[in-house]
Amino acid sequence: MKKIAILLACATALALPFTATAQDAEGTTKKDAYRFVVVPKVVHPWFDKVNEGAQAAAAAIKAQTGSDVEVIYSAPQAADVVQQNQIIDSALATQPDGLALDLLDPSGNRASLEEAQNQKIPLVIFDSVPPEGMAIPYIGSDFCEQAKIAARRLVEVLGGEGEVAIMQGVPTAPNHSIRAECHRQVFAEHPGIKVVAEGIDNDSIETAQQQAAAIMQANPNLKGWVASDAAGPIGIGQAIVEAGKQGKVTLVGLDNLPEMLDMIRDGVADSSSASQPELQGYWSVMLLWAQATGAKVPGYLDTGNAFLTKENVGG
Amino acid sequence: MQTKPLALLTRSPLAGVFVALAVIFTLSALISPYFLTPYNLSVIARGLAFVGLITIAQSMLMVLGELDLSLGVIGGLCGVISGILMVRLGVEPYSAMLLAVLLGATLGLVNGLLVTMLRLHSLVLTIGTAGIFGGANLVLTRGVAITGIPKDVQYLGRGDVLGMPVPFVIMLAALAVATFVMLKTPFGRYMYAIGNNQAGARMLGIKVDKVRLLVFVVAGAIAALAGVLMVARLGTAQPSIGETWVLAPIAASVIGGVATTGGVGSPIGAIFGAGIIAIIENIIVLFGVSPYWQGIVSGAIVVLAISFDAISRRYLRRDA
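Those protein sequence lines, which keep their order, are chains E and A. Heads up: the first sequence runs through residues 1 to 315, numbered per this note's numbering. Heads up: the second sequence runs through residues 1 to 320, numbered per this note's numbering.
Any given hint could be a false lead.
EDC-like, lysine to aspartate or glutamate: derived pairs with alpha carbons at most 20 Å apart [to be verified]:
| no. | chain 1 | residue 1 | chain 2 | residue 2 |
| --- | --- | --- | --- | --- |
| 1 | E | 194 | E | 142 |
| 2 | A | 151 | E | 115 |
| 3 | E | 296 | E | 270 |
| 4 | A | 151 | E | 132 |
| 5 | A | 151 | E | 114 |
| 6 | E | 310 | E | 156 |
| 7 | E | 30 | E | 68 |
| 8 | E | 296 | E | 161 |
With the Cβ distance kept under 7 Å, some of the chain E side facing chain A (calculated, not the full set) [what the hints assert, rightly or not]:
| no. | residue |
| --- | --- |
| 9 | 68 |
| 10 | 72 |
| 11 | 74 |
| 12 | 83 |
| 13 | 91 |
| 14 | 93 |
| 15 | 296 |
| 16 | 301 |
Rather than coming from a laboratory, the hints here were simulated on the basis of the structure. Note that beta-carbon positions come from the ideal geometry of N, C-alpha and C, so glycine has one too.
Input sequences plus hints: build the corresponding full structure.
What follows is the structure, given as structure tokens:
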């Protein structure tokens with residue numbers, strides 16, 4: 001009897017660390033299937049790249065864990081916060097395992113995000129920042145640094161002198177407004193650079209083209225452009241070509257849409273400061289999955305920026 | 001031999017759209033396990049409330065034979081102005097909302113005066129005034145939302161009463177009043193008379209321009225109400241409010257049996273039409289339809305709904 005008691009005590013002592021590990025470990029909850037919803041700002045090629053990254057992450061998780069991972073991409077047809085909230089609310093009704101969002105306006109999206117938190121649905125915000133006071137993991141590049149890279153490049157190409165213009169994207173979108181503000185900060189550091197106009201394109205190539213054409217008409221001495229969203233530089237580039245100002249007006253673009261890369265190759269744009277949407281989609285799904293398993297995730301994940309020129313965009 | 005309720009249904013001009021709505025509702029409930037959850041139904045109701053208010057306003061104008069393309073923009077501008085009043089100017093929040101609704105009525109009055117006094121076509125005129133009101137919105141906000149809407153008024157957009165979202169209850173109240181006025185009062189009969197034959201209505205001694213003017217004013221006020229409620233819902237005054245409230249209310253009214261030529265239809269039918277659109281928007285997300293296919297899917301369902309409406313009306317009439 002004494003021997004049995006000693007054996008039991010030894011077994012218990014040996015098992016203790018394992019028991020403790022199993023209880024403390026995070027990321028141990030595994031499901032056979034996960035369903036994540038990705039809601040971007042609007043139907044847009046930049047977000048298609050986000051979706052590609054998200055689908056790649058789903059495939060990677062399935063390959064590594066055997067769990068089925070479905071990523072549903074649900075985009076508003078217009079960059080309208082009311083429509084986006086309607087999509088978020090409807091998506092919440094399907095009780096997904098996680099929701100990744102690019103916020104059109106943090107304060108305008110707050111009610112829907114609070115509802116998601118009430119329902120304990122894991123959230124990730126990409127390409128944007130969470131509403132003030134809400135603890136939601138977010139992913140993105142340093143928007144300010146991305147803009148500063150572009151603005152500094154324009155100052156360098158212009159030799160520190162000349163009239164320039166800034167194209168804002170959606171003024172209420174935090175990433176766009178941060179970029180516009182950081183463009184201004186860089187230009188303010190150079191007394192020879194004068195910001196003569198700012199346009200608002202609402203993330204539309206057509207609007208950007210119209211705005212840029214009008215601004216160049218009104219400011220014949222304009223020497224350079226920077227933009228705050230992915231659609232902006234494409235519209236500006238079209239306006240530059242239509243106005244016959246290629247080589248006379250320098251465009252430093254933003255992001256890496258195919259049209260942007262073509263403009264760099266064709267010499268319409270000097271270069272582009274690009275965020276990496278595929279990585280934002282990929283890590284959005286990874287962080288949602290990690291949260292769904294119960295693992296802790298970082299509060300912020302930086303996917304970095306790339307500086308694209310004729311030399312490195314390839315043929 | 002038909003039972004009484006069925007006989008009632010077959011006589012009603014709303015039968016077709018009601019059956020179409022019921023079919024879409026039932027199919028959605030059968031296909032998606034999430035559709036009938038209380039949360040999802042409240043999502044649909046809340047979304048329907050705002051477009052529903054504009055739909056009531058638009059259907060009233062359409063019965064008169066008018067179309068107002070500035071209603072959504074009036075909603076957005078009045079929403080923004082309510083935000084400016086309560087946040088920047090420190091006006092008591094409920095007073096600010098009331099002032100914004102009065103402003104909406106005034107903008108409706110401007111539309112009505114230009115239509116009746118200058119004999120302008122309302123569709124063409126309101127393209128212009130929509131530009132002016134939308135431009136004023138941008139001038140006031142520079143495209144940036146007004147934040148800091150007081151928490152106590154947010155109840156009007158986010159809260160529930162009797163288990164239903166507050167904006168939805170307000171929309172139902174507006175619908176009840178509009179329906180009563182249009183179907184049970186002389187004023188409503190004048191509206192139908194004007195929509196059927198304006199010249200004839202004048203000959204009957206109806207003060208045609210006064211009726212038209214008043215409906216424009218009411219429509220402006222209802223649009224503004226939708227705007228301020230949306231501000232309460234979002235907790236911010238977004239310059240983009242109302243941008244998507246232009247075509248959907250017209251489509252909803254037509255689906256609901258309101259003729260664009262005037263004199264036919266009612267706000268109830270229009271709300272059924274808006275209900276169909278709201279359910280389509282919801283199930284597209286529930287089913288995870290690709291955003292690139294959403295236009296085709298929602299368009300096809302609308303075409304099916306209208307066709308179903310037309311066919312069922314024909315059959316129901318024949319059976320009756």
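Okay, the hints, checked on the actual structure:
Proposed proximity of residue 194/E and residue 142/E is contradicted: the alpha carbons are some 25 Å apart, above 20 Å. Between residue 151/A and residue 115/E the CA atoms are separated by roughly 16 Å; this keeps the pair inside 20 Å, and the hint holds. A hinted pair counts as satisfied when its Cα atoms are at most 20 Å apart, and residue 296/E with residue 270/E does not qualify at roughly 42 Å. Of the pairs offered as hints, the one joining residue 151/A and residue 132/E holds, with about 15 Å between alpha carbons and a cut-off of 20 Å not exceeded.
Our distance criterion of 20 Å between C-alpha atoms is met by residue 151/A and residue 114/E, whose separation comes to about 14 Å. Distance check on the hinted pair: residue 310/E and residue 156/E sit about 16 Å apart at the alpha-carbon level, within 20 Å; holds. Taken as a hint, the residue 30/E and residue 68/E pair is honoured in the structure, with Cα atoms around 11 Å apart against an allowance of 20 Å. Note on residue 296/E and residue 161/E: the hinted pairing is violated, with a Cα-Cα distance of about 49 Å set against a maximum of 20 Å.
The beta carbon of residue 68/E is not positioned within 7 Å of any beta carbon in chain A (closest approach about 14 Å), and the interface hint is therefore violated. A distance limit of 7 Å between C-beta atoms decides the matter here; for residue 72/E the minimum to chain A is near 4 Å, and the interface restraint holds. About 5 Å separates the beta-carbon of residue 74/E from the nearest beta-carbon of chain A, less than 7 Å, and the hint is met. Interface restraint check for residue 83/E: the shortest CB-CB distance to chain A comes to about 6 Å, inside 7 Å, so the restraint holds.
With a cut of 7 Å, the hint placing residue 91/E at the interface with chain A holds, because the nearest CB-to-CB distance is about 6 Å. Against a cut-off of 7 Å between C-beta atoms, the interface hint on residue 93/E holds, since the closest Cβ of chain A lies about 4 Å away. Interface restraint check for residue 296/E: the shortest CB-CB distance to chain A comes to about 28 Å, outside 7 Å, so the restraint is violated. Residue-level restraint check for residue 301/E is violated (minimum Cβ-Cβ distance to chain A is 25 Å; threshold 7 Å).
Violated hints for the displayed structure, listed by number in ascending order: 1, 3, 8, 9, 15 and 16.
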